[in-house]
Structures are given as C-alpha cells and as structure tokens.
Amino acid sequence: METKSHSTLGKYLTFRLGGEEYGIEILKVREIIGLLEATPVPQAAAYVRGVVNLRGKIVPVIDLRKKFGLPEAPPARDNCVITVMYEGKEGDLLVGLQVDKVMEVVKVSAAEIEPLPVLGEDLKVDFLLGLAKTKERIVVLLDVDKVVQEQDFRALFALNLGKA
Amino acid sequence: MSEASSAQFQESLKEELDSISHPLTMADDPGLDQVLAGLGRFRAWTSKAKALLGTKAEKELNYRAKQLEEGLKAGRALNVGLERTLQLILETTQKLNASGKEEKIDPKDPVPQPVQSSPKNDIPLKGEFVIPAEDHSAFKEFTHEVPEYIESIESNLLALSRGENWDVMNVYRPFHTLKGVCGFMNLPALSKVAHEAESLLSPYKEGTGRPTESQIDLLLQVADVFRRQVEQVQKGLSRGRFELVGMGTLLEDLTSTEEGESSKIASAPGKTTAGLSVVKRENSIRIPVEKMDSLLEAVGELAICQTQVTEGIQAAHITGHVASESERLGKISRMLQDLVLSLRMVPVESLFLRMNRLVRDLSQKMGKPLRLELSGGETELDKGVAEELAEPLVHLLRNAVDHGLESVEKRSASGKQAEGCIRLQASRDSGDFILKVQDDGGGLDLEKLEQKGRALGLIPEDKEVTEAELAELIFAPNFSTASEVSEVSGRGIGMEMVKRKVEYLRGSVSIDTRPGQGTTFTLRIPITITLMDGILVRIRKQRYVVPAYYVRQMVEVKETQRHQIGAGPKYMHVRDENIPLVDIPYWLACEPALDGRPILVVLERGGRQAGLVVDEVLGKKQVVVKQLGETLDSACGIAGGAVLGDGRVGLILDVDAFLREKPAAYAAN
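From first to last, the protein sequence lines are chains A and B.
Using numbering that gives the first Met the number 0, read the first sequence as starting at 0 and increasing by one per residue.
Using numbering that gives the first Met the number 0, read the second sequence as starting at 0 and increasing by one per residue.
By construction, these hints were calculated from the structure, which means they are not laboratory data.
It is possible that some hints are incorrect.
Selected chain A positions facing chain B (in silico; Cβ < 8 angstroms) [unchecked claim]:
(1) 40
(2) 57
(3) 112
(4) 113
The beta-carbon is built from N, C-alpha and C at its ideal position, and this holds for glycine as well.
Generate the whole structure from the sequences, applying the supplied hints.
What follows is the structure in structure tokens.
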C-alpha cells in the first residue's frame, strides 16, 4: 500500500523530553528557535501552545510534553522550539515542536538499530521509526509526520498503562 | 579530429549555446531577438567548421538550428523545446568528438520531426508515462505553456463559430507549436492528434472558406484532450509519472472529416478582431506563487520592524536626522508592501475567455442561439480571487442560459431577436471589483418564486414580501423553480453556491430583474482577499481582528442592558433593538468582560445580527490574512491569523460562523 519505504538510517537531531532522548530526521528540521510568545488559539487541541510569527509566517507550536502525556515542567533556559516541515494533507507545512532541550545530531547506522519492544497489541506504534543504541544510550526515533498528525497520544499511552 | 581542435570546438560551441539560452530566462522580446541572432551565428559557425565537423554532421547541426529558428519565429519562444534541442545539439557534438567524423546521428532522436510518417497503430494512445528525471522542469514548463496555446486556439475557434473575422493561422500556428512540443516531450499520440488538427485546417490556409461547425467541434475536442493531459501532468509531476489521456475515436474522426464547404463564406480579408490575436509575447516573468508569498511575508516583517524602530526612536526622544530618516523608511516599506500586493493582480480577461467556450457549449446543448458580449476584461483583481470567481461565474452563466433566456419561439412571439444576448461586464468601483452578468431574457418569474417560497415555508404565511426579497429566494439552498432537473441546471444548488462563494470572498451579490427585459446579477467583491480591513479588539487578555466589513456599529454598553431568556440565549438591549450576543465562552473559551466599560460590536450580515462584547477597541488596521493550517482545523470560530504591529499574531474571528450557528450553550448556563 505505502510505496515510500522509510529508511531509518541517516542523521537525526536529538532532543530531551522528560527523562528520554528522542530523535527526528534532520532533513525534516528547518531551524531551532527560542520560545516566542505564542498567541493561544481557542478550541485548538490542548497540546497546541498557540501560534507564533516566524518572520512573517504564522506557525503553530505543539507542546510535545503535553502531546506525549508527560507532566508539565517549569520553564527552563534550555527549552526551545524545533521547526519542522511535515507532510500535511494538502502539501508541506511548517510546525514548531516545543522540547525540553536540544541535544545533538547523531548518525545512525544499521548496526545501531534495535527492534521495537512489544508494547502491547492494541498500541499503535507507527509513529516510531525504531530505537537506536548509539554512544551508550537509547534514542527513540520518531516519524515526524505521524507525530504531528496523531490526535491523541495520551489515550494511546493510557491504554497501554491500563494493560500493564 | 585533434585533441586541441576538439577542445576548442567544445569551448566555442558552449559559449555560443550559452549566448542562445541565457536570454531565454528573461523571456522578452530583445531576448528572443538575441536568441535568433545567436542561432544565426551558430549556423554560420557550423558551416565554417565544416572541415572540422565533416559534411554530414555539419548538415545535421545546421538543420536542427534552422528548425529551432523557424519554431521560434512561428510562435513564441518555447523554452521547453528550445532547451531540449540545445541539449541535443550539445550531445551531437559530443558524440561527434567522441567517435570521430564518421559517427552517424540517430535519425530517430526526438527532434520535432513530423510524426505522420509513423503508422497509426504503433502509437500508444493510453498508459502511463514516466517522466525522465532530467525532463522534470521541462514538463513543469509544459503545464504552464500548453494552456496558453489552448486558450488561443479556443478563443479563435469561438470567434470563428460566432462568424467573426478570423485568421486561420491563429489556430494553425498554436496547433503546430503543440505538435512540436509534444514531439520533443516524447508524447507521440498528442503530437499526432495536433498534426491531424493541423491537416484539417490546412485547406483553409489559402484564405478561402471556413471550417464547418462539426469541424470546429472536433478541433475544440482536440483542445480538450490537451487540457486534460495538462491536468494529468500537473497531478503526476511530483510522483514523476502521469496517465496519458485517452482520446477515443478522435483521431479517426479527425482524419475522416469531410472537407468544409470551402467557399460558403469567404473569409474576410484584413485584420482579425482585436483581443483575439495569437498568444501574445509578453514582457513578463513567471513567478511561483510560493515565492510571491514569501516576498509578501518578508516585506510585512520589514514594516513591523520599521514600526518598532520608529517607536523606539520616539520613546527615546530622538529627533532630527535619525527621526526623519526613520519616517522615510516607513514610507518606503509601505510602498514596497503595496507594490508586492499589486504583483498579484491579473486582468480578468483570461477568466472571461474561458467562459466563451462554456457559453458556446450551453447554447448548443440548450438549442438557444446566443452571443456573449465581454467588456472590461482589462480590469485587474487578485489572482486568487479571480480563481475563486470562476465557479460562481459558471453557475451564473448556466442559470442565464437555462432559466434567463427564453426559447426561440417565445422570444420571437414577444418580438425579440431570436438570438439571445448575455453580457459579462467587469469594472472597478472604490476598491471593489464589480462583475455584472446580464441577460436579455424574460426576467425572473416572481409569481412562481412566491408560490414556491410559500410552499417551502421560506416566506412566513402572513407576511408581505417585496420584489427584491422574492428575487433573493433563488439563493436559498435547494430552491429551484425549474419543474425538471436538466443536464445544465435545476437542482437549486448552483445559485446557493454563488452566494456562498461571494460571501466567502467578502463580497455581495444583488439582482435586478425586469419582466420581459432580463435579469442582471451584480457581484461586488474586494479586489483582494490577501488584505483585509479589520477592527482590532481586546477580549480579556487576547487581541482579535474583526473583519471591518461585518461591523455595523460599536456602542458602549452596561451590564444592565444584558438580558437572558431563562437559561437560554443572551441578548442586549441597545437603542431600542435587541441584539443576540455571540457566545464568547463557547467560541473563545473565556468569560466576556462586563465589569469595566465594555463595548458592544454589532455584527451584521445577510439580515442577521449578533453582538460581540469586547473590553476595548484598539483601532482599525489593514492586515494581511493568513491561514492557520490543518493542525488547527478544529479551531472553529477562527478564520485565520494576521501579524500585528508588534510582531505577534492576532487571530481573525470567523464572524460568519457566529452569525450562522445557533448560540451553542442554550442550556449550559
């Protein structure tokens, strides 16, 4: 069905969120910006912090902590927004992802990819590209398009917790 | 061939080719002349280098250059074909160099060779075409250029069909160019069909006789094939492959068509009707819309930055040179913004010309002879608006032909000309674009409208209605007085769509109907939807933009003026009027202010009113409207965003939604 094969190999920008480190494909990343004051959008999903003006473009900012169902954390100096280009229904769109801290760019080779753990049958994990073991730590590789489009991770995660 | 001379050959050839292809990017007249001059030099050069090249190769190169030259002279510079031929020339010379003089050039190279030599059955008429990677940009160019030729073909054929003066070459030439283009692009079926169209036209090149109606029909069908193919290429371009369109029996029909009555109407000598000339060579550049948008964004940011600098200067009480220069900077940035916005303006003419075809088809289908009169085609409006207007215009014309114009019998019975007339007229009036669609038919049947309106409960039983109100009924959803649903119209959807689209464009539509004389629809639309006049308001901590167009008045109100019916809808009693309130907690997720000195912004549209209670009115502002994107699709009540003077984003309220939907929280409070 899906003709585009997603190669997991390549360069990833990693960032920290809670206690974990995540990676997104470097090709999707446009830039890293500080926390601009966002205009909240009423009736938007709770994880949308609002919209910001990025050099004349209006860009929505998603709070990844909220989206992943993590508890809120006090603002810190390292907090920042990674702007990414994702594949929307009607073409590519720019969106900002607010994370705790940007770490580094890592190159992931085939040998470093670990199989996904079995996370429960009902858990849709297609937003995960894989787990990479690199420099003695595990980086969770994310599919940006799916992460942005997925409506409710909290329900997803809660479901899993219920089963465990 | 010696190493040195070969290198020299390559070098000077490259230079020559550069001088040919470079001016093409400018696509203007001097550019074309330069190319032609360059080609001339190139040909002279190849004959000089005969000894070096060998006679055969010299002939080949000369032939290709000449062909190119002719192609350029015949029509407009066709970048697609040109680049390809240049590449071929370059490849030929490389081949020559690689293997010496004796190298034979493959005669099957896709030069714009006439294709008629190939047997008909060998041509694949259907299937998938894979775009070679190096041809991607050529195909992109294809989708831009081919429609221009189709437009030229259609408008000239339609002029012919209307019996106007015409020049066969204005149709012949674009078909010839299309044949060449499709040859270059390796689309033999299309090339073939263009060739057949050409053959059909060649008897008329003598200047006598005109193609018959059925031949015109066939030629229009050929144009349709090209249009459909362009659509397919557009769709498939990003995937690198597209479907070849089928053309049914068109090829056979073209070849078997009878010769036209060759001298029935002698083609009038002299010039063709103005405005229908072959595709004009324009002194212009094509720019992708995304680039224009980025430019607009950058200029918008410049203006904001400049405002902030000016404010900083004022706050620091700096006067003199710096202050006056900053003022000048402000003027320049405003000028820039106006300029960028004006780049998006296009004449409405191309939209009009598209309607020609539609009207002709309708006239045939309905058996109602008619002529379409166009005026004001040079009037400019935003490209985006022009595109949005196409659909309502189609519906209005359909309506005019189907319901507006009477049948021929009826017309002659009432002493009218058998031929109906539809006028399409564009003009500008104080910043708005005005479009009139006028027919000289029987006018709206107001009696029938009233009957139907009462039957459907659209008019309250005991209420008297004015003629204008009755005419308005035709915009009601699913409203149709046609007793039968025809192929053309009658489902009562078209006119509602017209109204919705016009309102979406923040415009209005009015009807003027006279029994026995016809009906005129007048559309009044702002020339751009990129720019909007807004009232900037504050509700609690947030600033919002209310489209000024909806705002009827703004009044200071007191808590005591607010009333509520049970736990139901809230309204405000203002100047002897009771105005329902916009449900702020529902739409904007905050409580409305009523403690300070609130202001009621009265919104009105299509006879409906609603009051928005705001804390403060911050002023009027012209904003550039931006969509928020699909991540925020769920945010109803918000129509978009705009960057405000301080660089932050203000949300634009979706007043239409406020007025359309019932207050949600009837029972909630």
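Which earlier hints can't be squared with this structure? Of the numbered hints given earlier, those the structure breaks are 3, 4, listed in rising order.
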